[in-house]
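Q: For the protein sequence lines, the chains are A and B, in the order given.
Those letters in the first sequence? Residues 15 to 91, per the numbering used here, in order.
Those letters in the second sequence? Residues 444 to 616, per the numbering used here, in order.
Derived from the structure by calculation, the hints contain no laboratory data.
Quick caveat: nothing in here was measured; it's all calculated off a predicted structure.
Built from N, CA and C at the ideal position, the CB exists for glycine as well.
Just a sample of chain B residues kept apart from chain A, beta carbon distances all over 12 Å, derived:
#: 1; residue: LEU479
#: 2; residue: THR489
#: 3; residue: ARG507
#: 4; residue: THR570
#: 5; residue: THR615
#: 6; residue: VAL616
Pulled a few chain A residues facing chain B out of the computed Cβ check, cut under 7 Å:
#: 7; residue: PRO18
#: 8; residue: VAL22
#: 9; residue: CYS25
#: 10; residue: SER26
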Amino acid sequence: MTMPTKLVVDCSTGVTTEVELTAEEIAQREADAAAFATAEAERVARAEALATLKASAKAKLVAGEPLTAEEADTLVI
Amino acid sequence: MALTYEAIATVTVAGATAATIEFTSIPNTYTDLLLLCSFRNDRNATEDAVKMSLNGSTSNFSTRSLSGSGSAAASDTNLVTAFGGMSVSATATASTFSNNMVYIPNYTSSNAKSYSVEAMCETNGSTAYMYVIAGLWNPSPQAAITSISFAPNLGTNFVQYSTATLYGIKNTV
Numbered sequence: 015m016t017m018p019t020k021l022v023v024d025c026s027t028g029v030t031t032e033v034e035l036t037a038e039e040i041a042q043r044e045a046d047a048a049a050f051a052t053a054e055a056e057r058v059a060r061a062e063a064l065a066t067l068k069a070s071a072k073a074k075l076v077a078g079e080p081l082t083a084e085e086a087d088t089l090v091i
Numbered sequence: 444m445a446l447t448y449e450a451i452a453t454v455t456v457a458g459a460t461a462a463t464i465e466f467t468s469i470p471n472t473y474t475d476l477l478l479l480c481s482f483r484n485d486r487n488a489t490e491d492a493v494k495m496s497l498n499g500s501t502s503n504f505s506t507r508s509l510s511g512s513g514s515a516a517a518s519d520t521n522l523v524t525a526f527g528g529m530s531v532s533a534t535a536t537a538s539t540f541s542n543n544m545v546y547i548p549n550y551t552s553s554n555a556k557s558y559s560v561e562a563m564c565e566t567n568g569s570t571a572y573m574y575v576i577a578g579l580w581n582p583s584p585q586a587a588i589t590s591i592s593f594a595p596n597l598g599t600n601f602v603q604y605s606t607a608t609l610y611g612i613k614n615t616v
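Work out the full structure, taking the sequences as your base and the hints as a guide.
A: See below:
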């Protein structure tokens, strides 16, 4: 299996070298990606929940029905 | 470019791919640093975020970002670990690249380092993500920035012709 590489430029010499990532660097990349996936799933879930609440609030307003506190929170700043 | 700007180094992904682009041994003789970067990577999507490591670390970052996609706008806190820009990805229009400008003032100070990013994924398509990012790197202990690297957030490699240039900026000529 080919190891991923990085391009490293030494600013004191201007010399660029290509070196393989260390196991530690690969592990960090994987951990960062996993953390992002978790955070992104939470962000999407929050956005979808907000959209659902807004739709429900709008439908109840049109129908003249009372809103829940959570639905009202989506309309009142 | 103003006389106070000096190109320190440029790195370009030449014939193959690179998982990371890194500047090391950054001299401490400037006031601020500026990076101009053009990225495309191999993620199976139209775009990807870019992580920025300072002194080898992606920890102790916090960011606020404003974004637009061409059809929607958003604001986020800590959207991506060590959020340092955007990259066009594999399914976007061929031969398009992102533009990123990263500004890091007072990079040698012994305080937390603030930075700002303007990132644009112009893809000649209906969706084009753009971000403005305000970031803070607050490690313990504090240290001057001596190395900076960029890596795709979800993709594996930057592809050929991706490039980054590091400029040093002095407050006097």
